[in-house]
Amino acid sequence: MASQHYNLALQEFWKGTIGDATSAGVTVKVRLMRVSAYTISQAHQFLTSLPAAIVTDVTLGTKTANGAGADPGCFDAADATFTSVPSGAAIDCLAVFKDTGTAATSPLLFYIDGFTVTPNGGDITIQWQNSNPFIAKL
Amino acid sequence: MINSVGEYVAGEQYDMPDEQADRFLLLGYATGQLSREYTTDEIATLHEGHQEVSV
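Going line by line, the protein sequences match chains A and B. Quick note on my numbering: the first sequence kicks off at 323 and runs consecutively. Quick note on my numbering: the second sequence kicks off at -16 and runs consecutively.
Keep in mind that the hints were calculated from the coordinates and are not lab data. Among these hints, one or two may not hold up.
[To be verified] Restraint ranges, calculated between C-beta atoms of paired labels, are given here: (1) A/N329 / B/P0: 37 to 47 Å; (2) B/A27 / A/W336: 46 to 56 Å; (3) A/A411 / B/Q3: 23 to 33 Å; (4) A/F335 / B/E(-10): 40 to 50 Å.
[Unchecked claim] Covered, in the sense of this in silico footprint (three residues per stretch, anywhere, with C-beta under 8 Å from a C-beta of chain B), are these stretches of chain A: (5) 401 to 409; (6) 429 to 437; (7) 449 to 460.
All C-beta atoms, glycine included, are put in the ideal place defined by N, C-alpha and C.
Work the whole structure out from these sequences, hints included.
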């Protein structure tokens, strides 16, 4: 699989129901996953479709909708650090979602793979790309 | 916070226990004032196991 948007999220972006994902009032989180435990499907819409969290999801901050300022349409945020990730099999995908506080209504936004990191019990920092498309571009 | 770390959100300010704050400062997750000086060995220990991955 390749990194991609969830189409049902795009639908909701068009309908305006996602809200301003860059505002402090909209909580956007990241979940680390393993492709062995999750296969993306465009039928997936909410957090309930993802496997249980390996480690506490990270809440994104310093969010922008224009990358580093010159790339309109690019969602970016400060790097995300997951603390004390339990040792185990390689982690090789993640999902970005809007957290409404209820898994059944928390929409999935983007899916990213193409990386791998084997947790050793220490922290793992996800460094978002510093150029277009940053985290993701609409 | 420079990075988002768990429930701590980048761009926000937090009061937290000295030990945790110092760890975040020494690992580059946050800016602020250390509660004490740390030895090179202590800093190296803090960095053990820390991994960064670009996506």
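Outcome of the hint check:
| no. | hint | result |
| --- | --- | --- |
| 1 | A/N329 / B/P0: 37 to 47 Å | holds (44 Å) |
| 2 | B/A27 / A/W336: 46 to 56 Å | holds (50 Å) |
| 3 | A/A411 / B/Q3: 23 to 33 Å | holds (28 Å) |
| 4 | A/F335 / B/E(-10): 40 to 50 Å | violated (26 Å) |
| 5 | 401 to 409 | holds (count 5) |
| 6 | 429 to 437 | holds (count 3) |
| 7 | 449 to 460 | holds (count 3) |
Consistency note: the structure conflicts with earlier hint 4 alone.
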